[in-house]
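Q: Given next are the chains, with one letter for each unit.
Protein chains: 2
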Amino acid sequence: MDFFDLVKKRRSVRKFSNENVPDEVILKALKTALLAANSSNLQPWEFYWVRDSKKKKDLVKACFSQNAAKTAQELIVAVSRIDTWKRNRNLILKNYKEKGKLIPIVEKYYNKVIPLSYTHDRIGLLGVLKKILSFFIGIVGLFKPVARGPIFKYDVFEIVTKTTALACQNFMMALVAQGYDSCPMEGFDHKRVKKILNLNSKSHVVMVLGVGKSDPKGVYGERFRIDEDLVIKII
Amino acid sequence: MDFFDLVKKRRSVRKFSNENVPDEVILKALKTALLAANSSNLQPWEFYWVRDSKKKKDLVKACFSQNAAKTAQELIVAVSRIDTWKRNRNLILKNYKEKGKLIPIVEKYYNKVIPLSYTHDRIGLLGVLKKILSFFIGIVGLFKPVARGPIFKYDVFEIVTKTTALACQNFMMALVAQGYDSCPMEGFDHKRVKKILNLNSKSHVVMVLGVGKSDPKGVYGERFRIDEDLVIKII
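One line per chain: the protein sequences are D and B, in this order. Take 1 as the starting number for the first sequence in my numbering and just add one per residue. Take 1 as the starting number for the second sequence in my numbering and just add one per residue.
Keep in mind that the hints were calculated from the coordinates and are not lab data. Beta carbons: idealized from backbone N, C-alpha and C, even for Gly.
The calculated DSS-like cross-link candidates involving lysine-lysine, where the alpha carbons are at most 27 Å apart (straight line), are:
#1 B/Lys28 x B/Lys213
#2 D/Lys54 x D/Lys202
#3 D/Lys8 x B/Lys8
#4 B/Lys101 x D/Lys217
#5 D/Lys57 x B/Lys144
#6 B/Lys8 x D/Lys94
A few chain B residues that face chain D, going by a derived Cβ cut-off under 7 Å, partial list only:
#7 Glu46
#8 Tyr48
#9 Val50
#10 Thr161
Based on the sequences and whatever the hints tell you, model everything.
A: Rendered as structure tokens:
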């Protein structure tokens, strides 16, 4: 199917049929997710495919037992992390080295710029220090463009969650391309979801994705978008 | 082209050729972006297609004159907003009413739950109040799943930026589907970009997207992804 038809076909399905989803469909969609664009190639995402029946039951409950979770054949949780950058950065540098392509500017970027952006302590002291530093950067910024962030831990979370969302859209599209449907959910008790997945405080639950084939009544109404002119601005 | 081939073909292009991009290609990609999944259908995104030559020049500078910006034929800025929910919510409710489909649960959701999540004052007092309230919600949460957020303004920003990223991935894919390339940039002086676009404090610059056809040397090296087992967890 044409890409633009797939985009039109993708809808958030609130009720799935009881047809099961082959494992290879999910795996292919997950692998496709990982090919999304991402911030500095740090791949700060994780995808938990929850198959254990006890965990799955708990996850449905943590999603307030909404239909899209309850009727989903499979449940995947997309997670963003601010603490995997060091491991991933090392793997990136190792790969550059192995290929004999580690140039100084890349090495400096991953060894100096990235740690400055991503390093944060538990109580947020470094965030405060970065905020103070940003005042001086702001003075330089009066005269030329400067990088003004990320400053606080939540700024880093916005970056890693943004990147994980890019992957999530790929995941959903990869399902439609294989004839399956999904529902991205943000309505859940994030503390409980994190407990089920055994996640630490350096991770956010980006969305829970229900997967299956749509029930004939799975889509609640026609797609509605506000007038394009309200959000597409040509300047 | 097959969707999975398109995903493989999409790479961040750092140098574009001087072949121009027809307007209809950009417009089609922008309209496709708007069909992405999004949070509560509130469509908190904006896409600025910067065509004015002075503004474009300033935008390139604000992106530190990096190649991907400098050589891009077209530049689009994706923006997320925490202040368009009221207008959009009203349009959503109007549409439901016109179709005679406004059921009480939907009306309650948009008139009670959404304002509770999205309303924030300038100095963040409401965030503090919500944090206090969340303590009591946490007590209830000991016994049953509860919605624990968003609390602070930055939590709302994470939601709207997440949603805008879903649209950005659609945008980039829609370009590949039409034979064009893109580069999503996060390296920019956000204060200067916001000034160029005349944006207020209730908006974040999600990414600047350079668009064009790749120069033969536009992609810097092979795609590298860390081992899938590090990020796909079957539990």
